[in-house]
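> Residue numbers (the working numbering), protein chains in the order written: chain A, 1 to 405; chain B, 1 to 405; chain C, 1 to 405; chain D, 1 to 405.
Some hints here could point you the wrong way.
With beta-carbon atoms standing in for the labels, derived distance ranges [what the hints assert, rightly or not]: (1) D:Y206 - B:G378: 48 to 56 angstroms; (2) C:E339 - D:D198: 23 to 31 angstroms; (3) C:A379 - A:E107: 24 to 32 angstroms; (4) B:K383 - D:E46: 21 to 29 angstroms; (5) A:R175 - B:G378: 22 to 30 angstroms; (6) D:D198 - B:R404: 53 to 61 angstroms.
What the hints contain is simulated information worked out from the structure, not anything from laboratory work. All figures in this text were calculated on a predicted structure; none of them were measured in a lab. Idealized CB from N, CA, C, for every residue including glycine.
4 protein chains.
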Amino acid sequence: MSSPKKVVLAYSGGLDTSIILKWLETEYGCEVVTFTADLGQGEELEPARKKAELLGVKPENIYIEDLREEFVRDFVFPMFRANALYEGQYLLGTSIARPLIAKRLVEIAEATGADAVAHGATGKGNDQVRFELAAYALNPGIRVIAPWREWSLTSRTKLLAFAEENQIPIAKDKRGEAPFSVDANLLHTSSEGKVLEDPSEEAPEYVYQRTVSPESAPNTPEYVEIGFERGDAVSIDGEKLSPAELLTRLNVLGGRHGIGRIDLVEGRFVGMKSRGVYETPGGTILLAAHRGIESITLDRGAAHLKDELMPRYAELIYNGFWFSPEREMLQALIDTSQEHVEGTTRLKLYKGMASVVGRSSPKSLYSEQHVTFEDDAGAYDQKDAAGFIKINALRLRLLGMRARR
Amino acid sequence: MSSPKKVVLAYSGGLDTSIILKWLETEYGCEVVTFTADLGQGEELEPARKKAELLGVKPENIYIEDLREEFVRDFVFPMFRANALYEGQYLLGTSIARPLIAKRLVEIAEATGADAVAHGATGKGNDQVRFELAAYALNPGIRVIAPWREWSLTSRTKLLAFAEENQIPIAKDKRGEAPFSVDANLLHTSSEGKVLEDPSEEAPEYVYQRTVSPESAPNTPEYVEIGFERGDAVSIDGEKLSPAELLTRLNVLGGRHGIGRIDLVEGRFVGMKSRGVYETPGGTILLAAHRGIESITLDRGAAHLKDELMPRYAELIYNGFWFSPEREMLQALIDTSQEHVEGTTRLKLYKGMASVVGRSSPKSLYSEQHVTFEDDAGAYDQKDAAGFIKINALRLRLLGMRARR
Amino acid sequence: MSSPKKVVLAYSGGLDTSIILKWLETEYGCEVVTFTADLGQGEELEPARKKAELLGVKPENIYIEDLREEFVRDFVFPMFRANALYEGQYLLGTSIARPLIAKRLVEIAEATGADAVAHGATGKGNDQVRFELAAYALNPGIRVIAPWREWSLTSRTKLLAFAEENQIPIAKDKRGEAPFSVDANLLHTSSEGKVLEDPSEEAPEYVYQRTVSPESAPNTPEYVEIGFERGDAVSIDGEKLSPAELLTRLNVLGGRHGIGRIDLVEGRFVGMKSRGVYETPGGTILLAAHRGIESITLDRGAAHLKDELMPRYAELIYNGFWFSPEREMLQALIDTSQEHVEGTTRLKLYKGMASVVGRSSPKSLYSEQHVTFEDDAGAYDQKDAAGFIKINALRLRLLGMRARR
Amino acid sequence: MSSPKKVVLAYSGGLDTSIILKWLETEYGCEVVTFTADLGQGEELEPARKKAELLGVKPENIYIEDLREEFVRDFVFPMFRANALYEGQYLLGTSIARPLIAKRLVEIAEATGADAVAHGATGKGNDQVRFELAAYALNPGIRVIAPWREWSLTSRTKLLAFAEENQIPIAKDKRGEAPFSVDANLLHTSSEGKVLEDPSEEAPEYVYQRTVSPESAPNTPEYVEIGFERGDAVSIDGEKLSPAELLTRLNVLGGRHGIGRIDLVEGRFVGMKSRGVYETPGGTILLAAHRGIESITLDRGAAHLKDELMPRYAELIYNGFWFSPEREMLQALIDTSQEHVEGTTRLKLYKGMASVVGRSSPKSLYSEQHVTFEDDAGAYDQKDAAGFIKINALRLRLLGMRARR
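Bound conformation, chain A alone (with noise of 0.2 angstroms):
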């Protein structure tokens, strides 16, 4: 394959997208260009700008972007209207920023005539493959390049010498290698790898990074009211918010209570387990909120079909297929769910849980006088419940019959 010509690199300002920048400039001769964006990660961005600059980067070659918006209103609420868990546990706050990083590069790509793209995701994780398959399935002639799959860089000396030899400037803390991996975005921090690579042991304290412990947490609770409309949340205690500015209050809210820290053990896409600790303090919230909510706008048949679709939508999230046919349908089975999902959850913030205590909506399902254990008023006829079990039970019955036949 001749080498690419122009290529547009998901580049984070740290050491190791830097050092791609270089060696994708020397392994392929090609112009790079930047892309930087803010998810939420809690990081400046014009360092990043100065850095490329720094590596000879030509302006008009660098894109910096802030995409908290965008990120939380297309990505993070579509996934939330399904009450999204992989594996029962995991709010794929990850998983759910690369389509948008990938679609990104992609138009960039385009936009600058640019024939690849790039990502510094390694050859044994999922998001190499949530990278590609985005990018691929927005522009099937794209070309990407995953220089962790490709190069001979493939230890810690070897990479700090070649940062060296190509004047990439090395923070003294980059010298010795991190004690696990982050990934941070507005909606979760991920931590992995070294310290945490024993999944027997308890992950250190040290490692949570924007949720203080349970033991840490204020010993009184705080309640929040969140309202939505449409399945999305709206407004914190009466406040209407932008969705990122809304996400942005969660995490506040959630990481002042040591809410939404999970340590689990996970089967990657590409087919090992791997064991993750991963903080999403605004989410859990949001999550639990949103069920709130649904318990009494949604009808049964409605939460039960979403609720066996869920781990099909989680997975095909989680492995990187947000932009295919079969994530779409979903999406449009879901969000045709979410009509009348209005209302208000009152929740109750404790020592790392968010407990739904309230919920009232102007569309509730929920009716007192069919429920009641008091006079209904003839809203229910008991005797209907006769007939509803002898037609149920009709069957087993039939069953029961030819077993003692």
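Guided by the hints, dock chains B, C and D onto chain A, whose structure is given.
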């Protein structure tokens, strides 16, 4: 339909089932056999015997049984192999007890020559369905009597009048109406109705009966290790325990730390939504522990299939279809997956949370060699990932090409 | 419950619904509005008007409507987008007509100020459920009267006596009992009961009404091309046709070639098994054609998801849940998949079979370049397959290693 | 990677695998063990032995086995219990044979101390995946060699040149290229490629190899009765037959009547669509017969669950995951359902169709008493249906009330 001659009644010894006992005799002129089971509800059984005798039931017609081991071994544990949660949250504590009671009712009916069984569940709830479907499945010719759907004792006043007319002793605290309705067994305590009927109102603290509030729980975490074999918990902190002993022990631990409270609105099988407050202290720990041990011993393909079918399985139990071919088929599928679910999960209990902090197993599928960021000695060839992605992307690229045509 | 004042009756003009008409007037002293629809059952509607008039129904209370286009466009076609088959075989010809009739019953009730609707389905079948669930969903306050479940006219003799008492004309051939029961509309004709009740006996040839036997069909195959847009058939042999015209045309073709006969035993929603003989000539061709065009235009991910959900979707329609959130959610999912289902399927019709022999589409995903055994000019790198397999195998190899430990 | 020392080759005796045999020796300097199996493909095996000897394989390294009974008993029949159809149509005739061949390859490798296995599947198809996933699952340390993905013999000319250089005899009719590619076993014959590559063109008659055309089939129907026990066919017209005998007999019947031809475009696991023509004469009859006997012996709950999971099960087999936990879990579920699938299905074979015309069973769940239009002696109380509907409608009515608020 002619009157039943002999009826086996699920009898608690309480006021309501005592009224039913007398009503059955009065209404049908039939002989009543009482069946009182210890499912771990935390009440003495001997008073029920005394009460039945007092009401004139012949000694040979009084059945009192301790079913705790059978309950946990044959009902609770198989269900926990599935990680069953109804509507994403409810641990099915009431649902799972009903089939066992129905099974014994039918068996006692057959042993005593009774032609009917009776229960004290109302016509608005799920329990009537669970009792009756199970009874009909096990004995298609049995007759089931549900007095609450039939009689004219439709108010508290009428009930008490009937009790007085029939010399049924009324405990002082039963004169007034209970502020909510309770069901309990070794797995859980549920509370619903009356003061809980407004789902926007936080449940008052006095509703909770077997857990302290997280606020009142100890300020120091406690660690516990649960051992598993073939998917079932078999030990706590290394001590082998029978199923019921183990669950009892976990209930103590969970209750002490405020674990397993849940306040939710659920969709009943009979069509309306209802609000319930559940306490499942031991079960909540058990579920977390089971997911923990599965996370390292269950293959991803097996785990995801289980996750996708779990909502259906939970719905079947909730709806009363324990004794149905489809539940048995799902159970066979689930049990097949559990052969190697063996090892130990370590949990931290603190202020309402049971968090998995470690898992280890002789059957672990977690391979540090494969997942490591370090040199993996050739266990995994990162270049394979490129082909994996390319082939997975092919259909997406064909779609993308069509979109661009 | 008080008597209804005005009832809209699904009225065929036949003896049974004429008896119902009179019975409603007699039993409830209510006014009856008749609704007779042309769904393609192949009967004139004007005799129904005459009959209603003869029975004393006021002209303004006689509704006669041609619903064929609405039936095919809004009910049959959406269902065929899903390739719906109940229990793997039944094309749901009766099931899909009921919601439309119920919808018009309710709408006419609202237009005429009627407080109830009535239908002529028996208490053992599925149709009562379909009529009533649809009616309740569309108007939760409506009352539904099902005379067959209520009245005492429980034998043929009593029915005829009632007819005579009430001056209802009885056609000579209705004196005896029909040898089987028939339902027909543009999609299918079903026959069941009486001579068909023994499922081990072959259905007699005289049961079939709109298809010749394969043995009597032409000895020469006939070819037909069906054009599709967005998943719906729009043309036959290049000629654009409206939905009902198209299905009518396919029925002629299928009927002539003995296509679409099926003899099966199905599980009714009310719990027992029943044997039915169905003729769906046009629908059988349409299903094959739709699968044919999907085979080249629908991505594998989309197609498999549809296939997995189809049984659920078919069950919902069979059970009468057309107007339910879960059917609408599944429809949204299905419809999302059909955007590019466009092109032409060529079929061979011969002796009971409709075989796809060719498919072509401007939206085809079939790529000769990729699939060819010949040189593919680099479209596909076979070495990628090695990586694809290696990564897919990893979890199986980890399992294999465990098994060998 | 170092060279393998000894390789077990799936060897047909044909030109292609003979070339592979020599290529393995040449390329790797390894010893080759040949494995030739009779899976009912209809070819003599002794010529393969002769050919192997001629090519210099040591007698003790030549394995020739008749696997027909194992194939049908342990692979085909379990799959038919599921009514498995890939993409609604394909009976998986090729897919189901691959795991058995892989299993024997691995076992022979272990018996002979070989360190690798090899197969002749190309890099574009599904078979490579099926062979290799099975091999890796059964022996995680095995090495798999797929010459078509590796070698430089990328054209017919080069292949023939290699054959001549290596003294491999070339049958005259192999000089030119075959007009399409064929795979055959006791279950089916598949044809694909070359003349079949344009999916809009009807497959030419000469492609079909084991079925007459429906036009050439007898003008008189033939009836056959298939007996089942525990879900497996055990007899034809009352005569007990072993699995392979039975399928052989059905193939004769089906072939004679032109049954089991299918022409389709399918989605390959490796991402592209391909067109295949399949002949599955006996399997098509067997599937119809199995559905027939299930229709009276399988409960609706069991049947629907099976139907919903079937596409997943079929996909697993198609994709090569026979030896995976999820296939085994689904098999356990399916097998649990088959205990009472016993009795006889009567079919009419005529001009390409296998139509069920009767079913009878000692385990029948069909109850004439319940379904009859006649007096049912109280087996079913039609009034129960009213309650059944009312309760099923409740949630729809609550939705309707909300819509009208």
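> Regarding D198 (chain D) and R404 (chain B), is the given constraint of 53 to 61 angstroms on their beta-carbon distance met?
Violated: the Cβ-Cβ distance is about 23 angstroms, outside 53 to 61 angstroms.
> With 23 to 31 angstroms as the target window, see if E339 (chain C) and D198 (chain D) comply at their CB atoms.
25 angstroms, holds
> State, for the Cβ atoms of A379 (chain C) and E107 (chain A), whether the hinted interval 24 to 32 angstroms holds or is violated.
25 angstroms, holds
> Do the beta carbons of Y206 (chain D) and G378 (chain B) sit within 48 to 56 angstroms of each other?
50 angstroms, holds
> Do the beta carbons of R175 (chain A) and G378 (chain B) sit within 22 to 30 angstroms of each other?
28 angstroms, holds
> With 21 to 29 angstroms as the target window, see if K383 (chain B) and E46 (chain D) comply at their CB atoms.
43 angstroms, violated
Comparing the model with each earlier hint shows violations of hints 4 and 6; every other hint is respected.
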